[in-house]
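A.B. asks: Please build the complex by placing chain B on the supplied structure of chain A, with the hints as guidance.
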Amino acid sequence: MVKDQDYLKKTASFCIDLAKKLGATDVTTAVRHSISETVNFRNRKLDESNRSDSLEVGLTTYIGKKKSSISSSNLTEDNIKALIVRCIETTKITPEDEFNSLPDKDLLATKIKDLNLYDDDHIKNDKKIEYLKEVEEAALEKKEIINTETAFSESKSNFILASSDGFLNGYKSSSFSASCVAVAKNANNKMERDYEFTSTCHSHDMLRPNKIGSLAAKKTIQKLNPQKIESEKISIIFDRRISKGILSVLASAISASSIARGTSFLKDKINEEIFSTSINIYDKPDIVKGLGSRNFDNEGVKTKELKLVNQGVLKNYLVDTYYGKKLNLKSNGRSGGTSNLYFEKGSISYKNLLKLNQRTLYITETIGHGSNLVTGDYSVGATGFMLENGVFKYPVSEITIAGNFNDMFKNITLADDLEFKYSKNAPTMLIEGMVVAGK
Amino acid sequence: MNDFFNKTDLSRIDAEKIISDTLNNCDDGELYLENSKSESIVLDDGKIKSSTYSSDLGYGLRAVTGEVVAYSHSNEISKNSLKQSADNLSSTLKSKKGIYNHEIPKTNGQFYKNINPIEEKSLQSKLELLKEVNNYTRAKSGIVQQVTASFSGEHKSIEIIRSGGEVLTDVRPLIRFNVSVMLEKNGKKETGVYGIGGRQSYDEYLKDDNWKKVCDEAFRIASVNLDSRPAPAGEMKVVLGPGWPAILIHEAIGHGLEGDFNRKKTSAFHNLMGQRVASEGVTIVDDGTLHNRRGSLTIDDEGTPTEKTVLIENGILKNFMQDRLNARLMNTRSTGSGRRESYKHVVLPRMRNTMMLNGKYSQEEMIKSVDKGIFAVSFGGGQVDITSGKFVFNCTEAYEIINGKIGAPIKGATLIGDGPSILKEVSLVGNNMMLDPGIGTCGKAGQGVPVGVAQPSILIDKMTVGGTQL
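Protein chains in written order, with the working numbering: chain A, 1 to 439; chain B, 1 to 470.
Extracted from the complex, chain A is given alone in its bound form:
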């Protein structure tokens, strides 16, 4: 069982009291306990079972405008004491920083909404195994599939965030996820790999196992016998797996830290048009059972819905206390990033989006870390399919796609197929005028 709020509160209060006694003027602490159990299957056989039990404390002490932190999973009283003493000693000799401070009191969360983020259901390993067998049966029905690896993971966690300002709050959450990775082989022994998964707060919201298996198999088989194409300028469609990545780029580029440090290609773009005018982007923390839902951020500041982009215009940065003070902005509860970030759905159907151009490259996977947030340059390896007049013609691999986010953002057309599968979600996305490097 995951430890209850009382236990975590007691630990948090102990740490805060001790740090205060040793000379801290302000203290924040987070105590988190999580237990997760995972079962892995491979080719219809049990491969691995893994149980994880983890209790951790993180603590930051302030002496005036000086600050230092410790964290530990060694929670013996002696060790915690020694660590807090060390933290205070370190704080004393760390130089002052005028922007160091706890969040403004009036911004702290006071009401905790029940967002239904916890499901008490416990799925025994035998049941997990039954589920995974069904996943694999569905995937292995296809003769091209030569290997399947599946996993079922259940995790429960509970946390408390506390500060010497009196903030003391936290809540339980749960996560149930299952995945299937399939490998298919063609007549020449060339292999391809693809996957499907489901991840939810509540066990009964998970996808049916046979659906995961058959989707993973289908996606893998489609990738067999890929071709490399010529280098050219072409319109690209990002599958929903990939289009959500644009939101990660946006979130990093408009974080108050990137803006304050001047290391973002979107610096000074507030109230400017950065996307085409049809684009609206929301960050909504209070979605019931949402994978990114939260009542407050990493500092205890209440989180409200933000419209980050309105008709293409950037309206908000993601602000925490420290960088907020640097930029002379109030924290909007985004210490630790966004919650449920999504593009409002577009007005064109998926089918019609595929047909908008005569030739389009449909991307299902990218590899590499080719996003430069300072310059906005983008270049990654990609695999996908060549589309002609809306019809999937053949798989494509060993190519790269490149562009610059400043241009890409302004050339986005979204389909109307938004779904909430991740904490960042985007509809299928068409971007005009990117460069593909191939042969």
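Think of the hints as simulated: they come from the structure by calculation, not from any bench. Quantities reported herein were computed from a predicted structural model and do not represent experimental measurements. Careful, some of the hints might be misleading.
Claimed, not checked - Just some of the chain B residues that point at chain A, by a computed CB distance under 10 Å:
#, residue
1, Ser11
2, Lys79
3, Lys83
4, Asn135
5, Tyr136
6, Gly234
7, Thr387
8, Lys390
9, Lys411
10, Thr464
11, Val465
Ideal Cβ placement from N, Cα and C applies to all residues, glycine included.
C.D. replies: This is chain B only, laid out in the frame that chain A set:
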């Protein structure tokens, strides 16, 4: 030696009994105990942005029968907790018919000193040096807009207790010093990053004003990029510089030669043992025994001494990298490549220091032989799809080559290739092998472990460059 049993109700004898009972009729398994301390001190925007110290303790109990691994870990070292883990393992492994292999080779060398790098340099002197780094780097030029510098240090003690009471221990220091510089000129911004590190004290790396060289190098890379032009797009010849660009080998070849993917036949290399996978003259080893290197280990995380494993010899595939589980199932021996990020993670076969050995050509000869291509000097990260063999990596410093001469710098572009065929495209191997500066972290299945790479300059006849200029 770290005593994991002096502040708990769990005695060493209790632990040994639980281990032996749990691993009865298993093929393998152990109790892995870990005590680690780490620090991170970051200067950014002219100020100490964070100073963090962590202290972690925990265990992982593993039982293996046949192909099945049962693992349970916790940060609470107590009788109760270990028993709960043991019960969890036993409930997973219902039919056990294994024979426990007690044989574990003893190590004969130690590749780093038993020091705690965090305590060897005072916090005060670290803070002062960061300030000096900031002042020195900003004084280089008025176009310096941002400087970030950091120390990270770690001291990790591990103990492995096997069924029957065999005990293996290791103490591993690790440090890294990093500088990142952002320049701005005529509205154009570029960054340069450089770092050094390994398994010695900070001062071994920073002494004699060595830290200035790190700042200079970060500044130089950013300056080069300020003048960069858009990169070309398409297939062309690529000359890779020596040292760190060997992450190409790590991604393109290394991962595909890890035992697990080959036992499971999901690696593009699984049916190529003994066959030609690279041009003649290409020899690649994975070596865990280099003194004080980031990827070196005295023993791996299963207690096996590390070694220098020949992966590819003169173009022929010779060995995979193995942990105990995959070695047993493939009827071979562990190469001392069983690694885990921490007690929270299961053992996987992993790389250590992956190196392509010297050939006989000079870098100059290579560049002279190229009419149109690129010269790639440094890279950011890379990634590979093990199954299809496709891999990428991102240039952070590269130049065009025109008519045998190095030309203008080009913008960061992704290079993409096919693992099983790329080494057949290597036409010249240089004579200037260099180790990387000690900064690599390899990710696999969500676990990061420190690794090293090395290579001489090489000429690749055909690779796709992912630029924007058609």
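A.B. asks: Against each hint, give a clear statement of whether it holds in the structure.
C.D. replies: Taking the hints in turn, this is what the structure says about them:
no.: 1; hint: Ser11; verdict: 16 Å, violated
no.: 2; hint: Lys79; verdict: 15 Å, violated
no.: 3; hint: Lys83; verdict: 13 Å, violated
no.: 4; hint: Asn135; verdict: 13 Å, violated
no.: 5; hint: Tyr136; verdict: 17 Å, violated
no.: 6; hint: Gly234; verdict: 4 Å, holds
no.: 7; hint: Thr387; verdict: 4 Å, holds
no.: 8; hint: Lys390; verdict: 5 Å, holds
no.: 9; hint: Lys411; verdict: 6 Å, holds
no.: 10; hint: Thr464; verdict: 5 Å, holds
no.: 11; hint: Val465; verdict: 6 Å, holds
Hint check: violations occur at hints 1, 2, 3, 4, 5; the rest are consistent with the structure.
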